[in-house]
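*Asks:* On the provided structure of chain X, position chain U as indicated by the hints.
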Amino acid sequence: MVSVYALSSLRRRFGRVMFTVLGVALSIALTVTMFSIGEGLRISTSSMVEQTQVELFVVSNGSAYLLGKGELSDSARLAADIQADLGGDALTVCPRFEPDRGLYLVRAGEAGAKVVSARGNGFVPELVGRIVGGQELEGEHFAVQNDPFSDDPRYLAHNYTPEAFAAFTHEVQVNRELGRKLGVGPGDSVVLSAHYNMSENVTCVVRGVYQADFESPDMRTFRIHMSELQYMLKRWDDPASELLIDLAPGVSIEGTKAFLSDGRPYSGLITVASGHDLYRELEGVYDTFQGFADLIAVITIVVAMLFIATVMIISVRERTRELGVLRAIGFSRDSIFTLVLMEGFIIAAVGFALGLVLGYLDAWVVDTWIKRTVSGIPEAIHITHITPVVVLEVTLVGMLIGAVAGLLPAQWATRVEVARTLRQE
Amino acid sequence: MAVALGAQGRELAQVAGSSRFVVGLRNLLRRPARSIMTGAAVAISMALLISMASVSEGIKDTARLGIVESREDLVVSPEQGARLERAHAMDANVSTWPEVELATVAAYHELTVETPLLGDKGVYAAGIVPGEFWEMAGKTERERYKGGFFKVRDDPFYGNGTYDGTFTGEVLVSKNLVDKYGVAVGGQLPVRLVPGAEVLSHRMPVREGTRAGSTVLLVNLTVVGSFELEYSGSGFYKGLAIIVMHLSELQAVGGMAAENGTGGTGPVVTDLANGLSIALTRSAVREGALGVVEERLKEAYPQYADFVYTKEEQLQQQREEFVVAEVFYLAVGSVSMLIGLLFVATIMIVSVMERTREIGMMRSIGISRRSIFLQVFEESMVLVLAGALAGVLPGYWGASWAASYISTRIGLTIQLGFSTAFVAQSIILVLAVGALFAMYPAMTAVRMNIVRAMTGGR
Chain X
25 MVSVYALSSL RRRFGRVMFT VLGVALSIAL TVTMFSIGEG LRISTSSMVE
75 QTQVELFVVS NGSAYLLGKG ELSDSARLAA DIQADLGGDA LTVCPRFEPD
125 RGLYLVRAGE AGAKVVSARG NGFVPELVGR IVGGQELEGE HFAVQNDPFS
175 DDPRYLAHNY TPEAFAAFTH EVQVNRELGR KLGVGPGDSV VLSAHYNMSE
225 NVTCVVRGVY QADFESPDMR TFRIHMSELQ YMLKRWDDPA SELLIDLAPG
275 VSIEGTKAFL SDGRPYSGLI TVASGHDLYR ELEGVYDTFQ GFADLIAVIT
325 IVVAMLFIAT VMIISVRERT RELGVLRAIG FSRDSIFTLV LMEGFIIAAV
375 GFALGLVLGY LDAWVVDTWI KRTVSGIPEA IHITHITPVV VLEVTLVGML
425 IGAVAGLLPA QWATRVEVAR TLRQE
Chain U
8 MAVALGAQGR ELAQVAGSSR FVVGLRNLLR RPARSIMTGA AVAISMALLI
58 SMASVSEGIK DTARLGIVES REDLVVSPEQ GARLERAHAM DANVSTWPEV
108 ELATVAAYHE LTVETPLLGD KGVYAAGIVP GEFWEMAGKT ERERYKGGFF
158 KVRDDPFYGN GTYDGTFTGE VLVSKNLVDK YGVAVGGQLP VRLVPGAEVL
208 SHRMPVREGT RAGSTVLLVN LTVVGSFELE YSGSGFYKGL AIIVMHLSEL
258 QAVGGMAAEN GTGGTGPVVT DLANGLSIAL TRSAVREGAL GVVEERLKEA
308 YPQYADFVYT KEEQLQQQRE EFVVAEVFYL AVGSVSMLIG LLFVATIMIV
358 SVMERTREIG MMRSIGISRR SIFLQVFEES MVLVLAGALA GVLPGYWGAS
408 WAASYISTRI GLTIQLGFST AFVAQSIILV LAVGALFAMY PAMTAVRMNI
458 VRAMTGGR
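Chains as they are written, first to last, in the numbering used here: chain X, 25 to 449; chain U, 8 to 465.
Chain X with its partners taken away, still in its complex shape (with noise of 0.2 Å):
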């Protein structure tokens, strides 16, 4: 029954009750895409963390992570110490190389084709196994799963000549866009050098296909064997940007930290990072973008309930004489209450109904905007994220602009007395 007079009551002022649950519904909105874009940045930086199955990261000692990293030199034994300190502690301690210099490649047995650089990731793929990441898309893995170069004589003597090519293994695989830019898919030749010139240069035949973990769309990459990417690149000193380890099941991982770091021989070579810190370090950067959403939703949900409360209680004076009828033929305060507080609640649910659609929306269209629009963005990122959690915050905002906006006209309505008001007539 109150329901009902509650509606044909708002029925009746129409214009301004659209544009009420209009600026709600807006609010609501803003309100979805703020909390949904920090969620979005924590789920996929924890899910990069998570997904790499790697527990530690040993880089040079001084190094900082994220932010560029030395080199380590004699990769291969400090590998092998490690590993031997460890035991069955660890699955994996495997070396990877990633210069900052690349190689340059061609498509094979064309004349004129696009000569395009690179950069290559050198590993050993028996070694690498399961931690490796990403996703190969077409073609298979490596045939030769161990680095046999590395125990050429040329190689181990620091002899750089061309003909020890002949070597190699003569595998690579390349990401999606080598690939696309150079036309070549598994079972393809390439030809790689160190010179833009393509003297002193190798043909391969690429493997497969594959797509790294968080790779930006433009990033060109290829892997291949670790000592053949050394040797092209005449680095005699064995050198790897990190070492990956893949700690055994129910191995401590702050534990192992803390005996690679202290009191081995190489301690003082090494900086040992943890998923866990990688995932700190970003996440300071979200909690600080968060705060910053928090802050916005925040002052948008107190001009929404601004607007509500002065829209209700305008209605509610201008109601003086119709809410003393009311009261006249018999409704109590708390109907007169209830009512108000309903009309409130109403517009408020209306708006948060509205507000959540075009914030899915919303959400949608920053993500889809802003990866297009920004090259470096990696694909399994998600820069919005609507999670329950994301609802569920939002519809406590909705419920307590609607409970706040109705309570305060609400108890005004419910003053009005009927004798004076009737009288006034």
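A few of these clues could be false.
[To be verified] Facing chain U, according to a computed beta carbon distance under 10 Å, are these residues of chain X, among others:
#1 39
#2 67
#3 68
#4 128
#5 245
#6 257
#7 260
#8 291
#9 312
#10 330
Hints are computed from structural coordinates only; laboratory data are not their basis.
Where is the CB? At the ideal position from N, CA and C, for every residue including glycine.
*Replies:* Okay, now just chain U, sitting in the frame of chain X:
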């Protein structure tokens, strides 16, 4: 005659206008509570709009200034693992072109330095030819180096392409290396040769050191100055430290100068670098030679054809990098402004409805529809203007707070884009959009039927 009439008309219009304004103001004051609430809502929205927009301007400007002010008309900046090869030769060649006033090469490499307080520290090192760099840099970039600059302006170690000249050892360090790591200006900074750089070690003043049992080669650099970073060394960028060296000395220490020859023969000069900046002569720019030089560059160095950028393209790239932040902040600001203006429109509709009788009365004593329209319209605009003005100061506070928040949490210092012109722009924007919103209640008032209004119907 016509002139006199015109003047008279204007005078009348002014009187009518000002009286309308007074009536409007009185109407607003008759309902102070709702006017204040509406004004407050507009003020909050305005404050949010202003602070968001000025943060976005600030982020953009902070990055843009360096490019705008610099004299670089063209840069060659290889990416995706590519490097400039034989960079000094390329520099020398391009410098002889008649349109080119100045060309200079820069290189980057990560190095490890030994700091007095915290031991080994990975740093980003930039290699420049100081004199040319100074000529090329803009005002803001130069101001960064007021804490000391290189004494030797050229790059003597390069020699005649043989990397055997005088090794100056001069280095500039970012402020955080001084503050946090205890590096002293005027003191020594040992830097480690990267593996592979030993090939030239006999030409540099190296000494041996040990690290965890193994021998490392070190070169002592002399710190000749420190500089501020826009990354304040806190938050996410707390680990970022930068040093600046002479180009050829960085190349030698970073293994970018030479490599072992085929078959274990001695060093072969590679002279790798990361970027070539070119400034054209004023007359060449005037004559529109930019495109010509760009084409010649691509023809002479096809390997870098994909990596040649004009200043405009650099700015465009930068815009793309910041477009997200910009659009994000503007979107937030405008949505909030829309909500505020919706508020004004709603309150004005309510006011018009309440005053049905009054408006009917005014119409019946002969006040024109136009006057009524303007009165309601002006009333709305007064609300919008008052709110907008009230929002300026909180907007400024909000922006300063946001900038310092970002600076301490992320470590990126933002110059706020807060100026009179900017505030005026925002107010004009709010008034313009506000005017659209104010049309609706004004139209409602005009479309009222006099008879029904007077008899109390709607």
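*Asks:* Going back to the hint list, which numbers does this structure go against?
*Replies:* Per hint list: 2, 3 violated.
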